[in-house]
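Here is what each chain is made of, one letter per residue.
Number of protein chains: 2
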Amino acid sequence: MSLITVGTVAFDKIETPFGKTDKVIGGAATYISLAANYFTKNVKLISVVGGDFPKDVLANMRGRGIALDGLEIKQDEKSFFWSGKYHYDLNSRDTLVTELNVLADFQPVVPESYQDCEYLMLGNLDPNVQMSVIKQLKKRPKLVVLDTMNFWMDVALEPLKEVIAKVDMITVNDEEARQLTGEHSLIKAAAKIMEMGPRFVIIKKGEHGALLFEKDKVFFAPALPLEEVVDPTGAGDTFAGGLIGYIAHTGEITFDNLKRAVIIGSAMASFTCEKFGTERLLQISEKDIDRRIQKFVDLVDFDILLVE
Amino acid sequence: MSLITVGTVAFDKIETPFGKTDKVIGGAATYISLAANYFTKNVKLISVVGGDFPKDVLANMRGRGIALDGLEIKQDEKSFFWSGKYHYDLNSRDTLVTELNVLADFQPVVPESYQDCEYLMLGNLDPNVQMSVIKQLKKRPKLVVLDTMNFWMDVALEPLKEVIAKVDMITVNDEEARQLTGEHSLIKAAAKIMEMGPRFVIIKKGEHGALLFEKDKVFFAPALPLEEVVDPTGAGDTFAGGLIGYIAHTGEITFDNLKRAVIIGSAMASFTCEKFGTERLLQISEKDIDRRIQKFVDLVDFDILLVE
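From first to last, the protein sequence lines stand for chains A and B.
Count along the first sequence from 1, then add 3; that gives the number in this note's numbering.
Count along the second sequence from 1, then add 3; that gives the number in this note's numbering.
Isolated chain A, as found in the complex (with noise of 0.2 Å):
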């Protein structure tokens, strides 16, 4: 059950109110990957990076057992970096520097190896880089699934809706599934998604959980609340990789086992919080991962007898 991810490696420097880094690992693909692997073990990743790019993290990732065949490495050119300033509320921020670099005219190339793939998780990334992906696969995966922003939607939404009508799921913050819609009303908004092309819609809403829409089916994940937010970066790309990894682990693509999907993938997410960049999801074990998913269902359990 291999899963192919396709997204950015990168470098952030990330400002919070509670902290600033220097360049850390980042990217999409990278947390994504990291995230779903706790969970699959046949993971494959398409990005590109630059002869800059650290080896060490790089040969970890590859002793995770996340396959590299299908990333690219421009020796003489600079990774993609981004850096960025939170709001006090961590729900807003300000980009302060964007450097598209090796990402500038990023050609992806699907290896022979990754051609088994049945799940594709098409992070974040210019919509034309998505659609290439999907367009040089020879079968077509069981499940894609297609993360974007409304950076997009802004500047490519013609080939964006393309991308959207080929895959089965998509992942949008509520502002963006808003802004894609013109609908206020989520209800509304993830069924005028779902009028363009994916079966499953899952509006994020950050600290206030997840949305998932199947037809008439709606669950709600809640976020788990923290003592301490020390940085968001990531949390997205944490929760396809966490959501993703756990459909490729199961195999089933049932609402029941989407629903299941969520919550794992907000618990992922919850420990990217924790700490700046990465550095938690390096670290968690799988008892860390259950005691969370136990906090998830004590969180929301409540039983109830109608009124009589």
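These are computed hints drawn from the structure, not numbers from a lab.
Heads up, some of the hints might be wrong.
One copy or two, either will do: identical chains are not told apart, so a pair holds if it fits within one copy or between any two.
Below, in silico cross-link-like pairs of lysine-lysine (DSBU-like), each with a Cα-Cα straight-line distance of 30 Å or less [as the list claims (entries may be wrong)]:
1. K191 with K141
2. K191 with K290
3. K81 with K23
4. K191 with K23
5. K298 with K220
6. K58 with K23
7. K298 with K218
8. K290 with K77
Here the structure is a predicted model, which means the values were calculated and not measured.
Fit chain B to the known structure of chain A by using the hints.
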């Protein structure tokens, strides 16, 4: 198991992006009493109105079994009037008009027939009025719940803190919890509020649900995603009414039962949002309530096996 509700009974004039009203019936005690009345038939109201308040509305409340002995009618004065306009996202609003009228020098009087009260719901009002009701009760109720808002933190923080020290449970929204404690993390904010007195803290997050805290326990109740929120006015009061009404009905002050009460409050609040003012709240049947509660059960229901 009688329940005293204290708060405004008033006129509102409301504008949302989806429509506007003329003067309609509103007020915290109105919403609380109507919602609680679906669960406990022994609701006793304390408030004040002017001679302009419609007699048929009072007759309707009395007809539902809500005792109005504690409702003062100042024939020559006007009822409290509030007018507000909601922003696009319905999460924030501007107050256009506040006419205190009868509220300006309101001195609540607890009638002798109310002295058997076991539950006391202090709706949003001047903390001095809330304290006066607490002090007039000869026997301390089994449970005293306080609702308040940022306005009183701005203009009457010390009297408010004195009331907070005397209650068992407080309901505030997320921004109010942060303002009251100076803590951004809601976990930390809740812990600080518990140190101020209340055993239970409920933090309301509007369309994002509500959190219930007792010591180190936390429960999250989602808000139901609605296709159309017409008017959120009174949703917080309705929440409090459903909550306290259910507690008074069941008489069980345990964390498990309060979890149910928070779900009931959330279900009742979701009705209020569907039409302007109290219109929807006046119409619902027990069957409607049961169906709505079932939606909450389904919304967060999942079963998960921990990672082996």
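Identical-chain pair category, K191 with K141, by Cα at 30 Å: neither (35 Å within a copy, 52 Å between copies)
Between K298 and K218, at a C-alpha cutoff of 30 Å, which is it: within one copy, between copies, both, or neither? For K298 and K218, both the intra-copy (29 Å) and inter-copy (16 Å) Cα distances are at most 30 Å.
When Cα atoms must be at most 30 Å apart, do K191 and K23 count as within-copy, between-copy, both, or neither? Classified as between; 22 Å across copies, 39 Å inside a copy.
Homomeric proximity label, K58 with K23: Cα distance no greater than 30 Å: within (24 Å within a copy, 62 Å between copies)
If the cut is 30 Å between Cα atoms, do K298 and K220 qualify within a copy, between copies, both or neither? Classified as both; 24 Å inside a copy, 10 Å across copies.
Checking an output row: K81 and K23, CA cutoff 30 Å. Within, between, both or neither? Within. Shortest intra-copy distance 22 Å satisfies the 30 Å Cα cut-off; inter-copy 56 Å does not.
With identical chains, the pair K191 and K290 could be close in the same copy or across copies; at 30 Å between alpha carbons, which is it: within, between, both, or neither? The answer is between: 26 Å across copies meets 30 Å, while 39 Å in one copy does not.
Same-copy or cross-copy closeness of K290 to K77 [CA-CA at most 30 Å]: neither (38 Å within a copy, 65 Å between copies)
The structure does not agree with the numbered hints 1 and 8 stated previously, though it agrees with the rest.
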